[in-house]
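*Asks:* We have chain A already, so just place chain B on it with the hints.
Same order as they appear, the protein sequences are chains A and B. First residue of the first sequence: 14, per the working numbering; consecutive thereafter. First residue of the second sequence: 48, per the working numbering; consecutive thereafter.
No lab work stands behind these hints, which were simulated from the structure alone. Certain hints may be false.
Said to hold, decoys possible - Only some residues are given here: those of chain A computed to face chain B with a beta carbon under 10 angstroms: (1) Arg32; (2) Trp334; (3) Val347; (4) Ala348; (5) Ile405; (6) Leu407; (7) Gly432; (8) Leu435.
Said to hold, decoys possible - For the chain B half of the interface with chain A, some residues (derived, Cβ under 10 angstroms), not all of them: (9) Ala76; (10) Asn80; (11) Ala337; (12) Val344; (13) Leu348; (14) Ile350; (15) Phe356; (16) Gln359; (17) Leu407; (18) Leu408; (19) Tyr412.
Here the structure is a predicted model, which is why all the values come from computation and not from measurement. Just so you know, even glycine gets a beta-carbon here, dropped at the ideal spot from N, CA and C.
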Amino acid sequence: MAARYAVELGLRGLLRHPRTMVLTVVLLGLGLAAVMSMLTLLAMLSADPLPGISGRLHLAWVDSRAAPTSASAAEPDADAPPFLWKLADAQALMALQPAVRQAALVSTPVTVQPDDADTSNTATAVLALGPMPSMFGVPLQRGRYWTAAEEQDRVPVAVIGDATARALFGEADAVGRDLRIGSTMFRVIGVVGPWAPRPRFHFLQAGQAVWSERSESLFVPLHAALDAGVAPVATRDCDGRGVGGFGFDTIDLDACRWLALWAELPDAATRDAYADALAGYARSRHAAGVFERPAASRLDSVPAWLAANRVVPDTVRLYLWLAVGLLALCMVNVAGLLAARFLRRGSELGVRRVLGAPRRSVLLQCLVEAVAAGTLGGVLAWPLTLFGLWVIRLQDHGYTDLARFEPGLFALLLALAIGTGLLVGLVPALRAARIEPVLQIKSP
Amino acid sequence: MELRPILSTLSRHKTAAALIVFEIALSCAIVCNALFLIAGRLERIDRPTGADEQHVVTVQARGLARDENANALTQTDLAALRAIPGVANATISVQMPFGNSNWNSSVRMTAEQRGETMSVSNYIADEHLIDTLGLKLVAGRNFTRDEVGDFGRMRTEGKVHFPAVILGQATADRLFPAGDALGKGLYIWGEEPSRVIGIVERLAKPNDFGSAASYEESVILPGQVPYSSGAYLVRVQDPSQRQAVLEQAQKALLAQGPTRIVDAEQARTLESMRDRYYRQDRAMAWMLVAVIVALLVVTALGIVGLASFWVQQRSRQIGIRRALGATRGQILRYFQTENFLLATIGIAIGMLLAYALNQLLMQRYELPRLPLFYLPIGAVALWLLGQIAVYGPARRAALVPPAVATRGA
Numbered sequence: 014m015a016a017r018y019a020v021e022l023g024l025r026g027l028l029r030h031p032r033t034m035v036l037t038v039v040l041l042g043l044g045l046a047a048v049m050s051m052l053t054l055l056a057m058l059s060a061d062p063l064p065g066i067s068g069r070l071h072l073a074w075v076d077s078r079a080a081p082t083s084a085s086a087a088e089p090d091a092d093a094p095p096f097l098w099k100l101a102d103a104q105a106l107m108a109l110q111p112a113v114r115q116a117a118l119v120s121t122p123v124t125v126q127p128d129d130a131d132t133s134n135t136a137t138a139v140l141a142l143g144p145m146p147s148m149f150g151v152p153l154q155r156g157r158y159w160t161a162a163e164e165q166d167r168v169p170v171a172v173i174g175d176a177t178a179r180a181l182f183g184e185a186d187a188v189g190r191d192l193r194i195g196s197t198m199f200r201v202i203g204v205v206g207p208w209a210p211r212p213r214f215h216f217l218q219a220g221q222a223v224w225s226e227r228s229e230s231l232f233v234p235l236h237a238a239l240d241a242g243v244a245p246v247a248t249r250d251c252d253g254r255g256v257g258g259f260g261f262d263t264i265d266l267d268a269c270r271w272l273a274l275w276a277e278l279p280d281a282a283t284r285d286a287y288a289d290a291l292a293g294y295a296r297s298r299h300a301a302g303v304f305e306r307p308a309a310s311r312l313d314s315v316p317a318w319l320a321a322n323r324v325v326p327d328t329v330r331l332y333l334w335l336a337v338g339l340l341a342l343c344m345v346n347v348a349g350l351l352a353a354r355f356l357r358r359g360s361e362l363g364v365r366r367v368l369g370a371p372r373r374s375v376l377l378q379c380l381v382e383a384v385a386a387g388t389l390g391g392v393l394a395w396p397l398t399l400f401g402l403w404v405i406r407l408q409d410h411g412y413t414d415l416a417r418f419e420p421g422l423f424a425l426l427l428a429l430a431i432g433t434g435l436l437v438g439l440v441p442a443l444r445a446a447r448i449e450p451v452l453q454i455k456s457p
Numbered sequence: 048m049e050l051r052p053i054l055s056t057l058s059r060h061k062t063a064a065a066l067i068v069f070e071i072a073l074s075c076a077i078v079c080n081a082l083f084l085i086a087g088r089l090e091r092i093d094r095p096t097g098a099d100e101q102h103v104v105t106v107q108a109r110g111l112a113r114d115e116n117a118n119a120l121t122q123t124d125l126a127a128l129r130a131i132p133g134v135a136n137a138t139i140s141v142q143m144p145f146g147n148s149n150w151n152s153s154v155r156m157t158a159e160q161r162g163e164t165m166s167v168s169n170y171i172a173d174e175h176l177i178d179t180l181g182l183k184l185v186a187g188r189n190f191t192r193d194e195v196g197d198f199g200r201m202r203t204e205g206k207v208h209f210p211a212v213i214l215g216q217a218t219a220d221r222l223f224p225a226g227d228a229l230g231k232g233l234y235i236w237g238e239e240p241s242r243v244i245g246i247v248e249r250l251a252k253p254n255d256f257g258s259a260a261s262y263e264e265s266v267i268l269p270g271q272v273p274y275s276s277g278a279y280l281v282r283v284q285d286p287s288q289r290q291a292v293l294e295q296a297q298k299a300l301l302a303q304g305p306t307r308i309v310d311a312e313q314a315r316t317l318e319s320m321r322d323r324y325y326r327q328d329r330a331m332a333w334m335l336v337a338v339i340v341a342l343l344v345v346t347a348l349g350i351v352g353l354a355s356f357w358v359q360q361r362s363r364q365i366g367i368r369r370a371l372g373a374t375r376g377q378i379l380r381y382f383q384t385e386n387f388l389l390a391t392i393g394i395a396i397g398m399l400l401a402y403a404l405n406q407l408l409m410q411r412y413e414l415p416r417l418p419l420f421y422l423p424i425g426a427v428a429l430w431l432l433g434q435i436a437v438y439g440p441a442r443r444a445a446l447v448p449p450a451v452a453t454r455g456a
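Just chain A, same shape as in the assembly:
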């Protein structure tokens, strides 16, 4: 009964001195909205790029680089791990683990021409060893993916994106049509819907837009493409003294590392077994003198791989820190305002104490007021957060269009607001509850 009375008093106290109350609510709303906007953006950027699929995928890497020289003391891979494989090594490891689904891939621009016309189109293609489209969940609309036998026999077949198919062949069904890539006609065996993991984790290239909405729209078995004279133009890493420059249209397939190797490992047991096989491969190659550096390998899950590449921009984290700073400042302010409100009512609280109200009751009354203010701040923070996200979307950073409000986050927002109110109200409330009743009655 007494508790209910204290709650009622607290809620009523909310309406007194409306100016400072409005200020309190606005400050809380502002700080919370800043933090929520940034948390939303960060959550979007840290989301799974291929839900349901990327959890199974792991990127494998062995150190096949030549021994370091004194001149190359400053290794270029200081901030991001190297991840590329030579063709022969990727094939050898894939053959060692026939039971595991694996795909080695490179992403490169290629020029394609439909069979009948003299127009051409540039598409970004994935050239792959292994069942890459099915492993990565490329959504098949018509036709089929390529088979292991087709890959083995180097049959020139291609799977193309729906938009590219329409650009090349119009409204007619592209499946069964021919497509010139390099020197060879490729048979279109499948048409796929849009597939654009964001971030583009499957083939992270230095200096490329990781958050781009555009992705590959052509999938071709690697050997058929190489037979057709397609030379991958992509990130690569070459040994020896040959031409290894970026963007050059010939590639020394043996001396360069240019493939990313992915393995589908659904559980811990297969993961451990695969990691062992990988390490074993690195050791045996090092023992054979082929890998000049000490045997090294790693197996990264998708989240680990994204973290190692610092895919979430530093500026977003920086913004989040700033927003947290703003919230902290708002909280200090609100604590000050609440303290002023409670202390101003010192004599009134003193009267309550003299009339027999326990400290607990005074504390409860103050906390109720603080929590109610926090809740109001949280409600106000909602439209402010929407506004903040809108401002973020206005800017063009390549990833900012991902900043959208999620209802689930609103629950977090309210919890945060109430928690903030409680935290901030606690000190002033304790201070108010310590008021000596006698002193308050005595003073005029």
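*Replies:* The following block gives chain B in isolation, referenced to the frame of chain A:
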């Protein structure tokens, strides 16, 4: 003004005083660091490329058909571009400042060396590049006509070699710290050395992936680039003619053949490319400005709120002072001095916090150290802010009539 009464009053209002001090300290720390971040962005936006950006425009041509004589076509294009009124010079390069592509290759000092000494950005272009971009040659000479090879043919034959190379000063300094770069041989493409024949003062990479220190590490290699693998760069005599020249240039290139594609979006001034390139940095700077303003407003509101509470609480005491002969000015100054004292304590703590915050940012985001002069800037800003915020409540205090002393509160 006597400080002792202020101090003794403050010591009896520890909670409120501590809150104001803490508020000022926190906002001092954040404001100093945010100002520093803005300065960093602005510095990046203003960073020179070495090119005379006001005078340069670019345009690209592509052909549908595969033509064997791309090089001859390119030379005709260049002649047509140079014939446009108001054009001073024109060339074609595989890359340009703020462009999309960045060609890098490794540099070795000897033919036997394994691994690279450094990686440089390659501008492959003819002898007109230096004049067209307005680069400043500080040592040696420009390419001669016979040093400029047919880059398209080199590529199809798979034998790329450049007999000469011009270094950017930053590249020269890194490769030859003794300053004797001229005449030396470098291994950049293929097995034959390229001789260093000149040094330009500055030539930035097309983009700045990698550290800020490597931003100027580029070289110029002599090659006639076919139109299909580069972009035309045109120098205008007068910056006001840039749009007119761009329109004429697109027409001139389209007139070269029916299968020509000239992308209007790729016809731009270098200045507009710079604008676009640094858009993110500008957005970040504005966002930081907004955060600083929000912080200062919040701090000011807090000071106003606490100070008015406190004036109200002490109105009896103020009334007594007034009754004993204190002037309004004295009351006003009393509250202002009090705020100044609190702000000073807050600023002192805030500077330590600012430094600690900077230390954290340095570790996490590889930011440079906060220069000391940001601290007084932050301090002055917060002193002013405090005085402005406290003025309202202090004035209200000064208006308290002496009669209040005789009344019950």
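*Asks:* Does each hint fit the structure? Answer for all of them.
*Replies:* Hints versus structure:
Taken as an interface hint, A/Arg32 checks out: its beta carbon lies about 9 angstroms from the nearest beta carbon of chain B, inside 10 angstroms. Because the closest C-beta pair between A/Trp334 and chain B is about 8 angstroms apart, less than 10 angstroms, the hint holds. Look at A/Val347: its Cβ gets to within about 8 angstroms of chain B, closer than 10 angstroms, so that hint holds up. With its C-beta approaching chain B no nearer than about 6 angstroms, A/Ala348 sits inside the 10 angstroms limit, and its interface hint holds.
Because the beta carbon of A/Ile405 sits about 9 angstroms from the nearest beta carbon in chain B, less than 10 angstroms, this interface hint is met. About 9 angstroms separates the beta-carbon of A/Leu407 from the nearest beta-carbon of chain B, less than 10 angstroms, and the hint is met. Because the closest C-beta pair between A/Gly432 and chain B is about 20 angstroms apart, greater than 10 angstroms, the hint is violated. The beta carbon of A/Leu435 comes no nearer than 18 angstroms to any beta carbon in chain B, farther than 10 angstroms, and the hint placing it at the interface is violated.
Proximity of B/Ala76 to chain A holds as hinted, the smallest CB-CB distance being about 8 angstroms (cut-off 10 angstroms). Residue-level restraint check for B/Asn80 holds (minimum Cβ-Cβ distance to chain A is 9 angstroms; threshold 10 angstroms). The beta carbon of B/Ala337 comes within 9 angstroms of a beta carbon in chain A, closer than 10 angstroms, and the hint placing it at the interface holds. Hint status for B/Val344 relative to chain A: holds, with the closest Cβ pair at about 9 angstroms, below 10 angstroms.
Here the hint on B/Leu348 is kept, as its CB sits about 6 angstroms from the closest CB of chain A, short of 10 angstroms. Because the beta carbon of B/Ile350 sits about 9 angstroms from the nearest beta carbon in chain A, less than 10 angstroms, this interface hint is met. Residue-level restraint check for B/Phe356 holds (minimum Cβ-Cβ distance to chain A is 3 angstroms; threshold 10 angstroms). The interface hint given for B/Gln359 holds, since its Cβ lies 7 angstroms from the closest Cβ of chain A, which is under the 10 angstroms cut-off.
Here the hint on B/Leu407 is kept, as its CB sits about 9 angstroms from the closest CB of chain A, short of 10 angstroms. Checking B/Leu408 against chain A by beta carbon gives a least distance of about 8 angstroms; that is within 10 angstroms, so the hint holds. Annotation: B/Tyr412 was flagged as interfacial toward chain A, and the flag holds, the nearest CB pair being 5 angstroms apart, inside 10 angstroms.
In summary, the numbered hints that this structure violates are 7, 8.
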